[in-house]
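S.K.: Could you put the whole structure together from the sequences, leaning on the hints where they help?
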Amino acid sequence: MEIYMVVALLLGMCAIATGFGFAILGGKFLESVARQPEMAPVLQTNMFILAGLLDAVPMIGVGISMYMLFAL
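If you count by UniProt numbering, then the sequence shown holds residues 1 to 72, one letter each, in order.
No lab work stands behind these hints: they were computed from the structure.
Since the model is a prediction, treat every value here as computed from it, not as a measurement.
A hint or two may mislead.
[Said to hold, decoys possible] Simulated DEER-style distance windows between Cβ atoms:
#, residue 1, residue 2, range
1, I16, I49, 19 to 27 Å
2, L9, L54, 15 to 23 Å
3, M1, A51, 30 to 38 Å
4, G63, L25, 20 to 28 Å
5, A34, M59, 30 to 38 Å
6, M39, M59, 23 to 31 Å
7, A34, L54, 15 to 23 Å
From the three backbone atoms N, C-alpha and C, an ideal C-beta is built for every residue, glycine too.
M.R.: Set out below in structure tokens:
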């Protein structure tokens, strides 16, 4: 029974952390583009690379939680 609570907590924390990360990333991107509009294409490329890396974090959490759920 404890393992189900741990898995649920792990998945919930991954989702919350990713939401905060995307919110901060998007806000800083908009601030940067508003400050220097000519840098928008470079900043957008960098933002998409960081968004992909940020999206990898919950996938690792899902993998760990599935391992805990089915292998332990």
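S.K.: Determine which of the earlier numbered hints do not hold for this structure and return their numbers in increasing order.
M.R.: none
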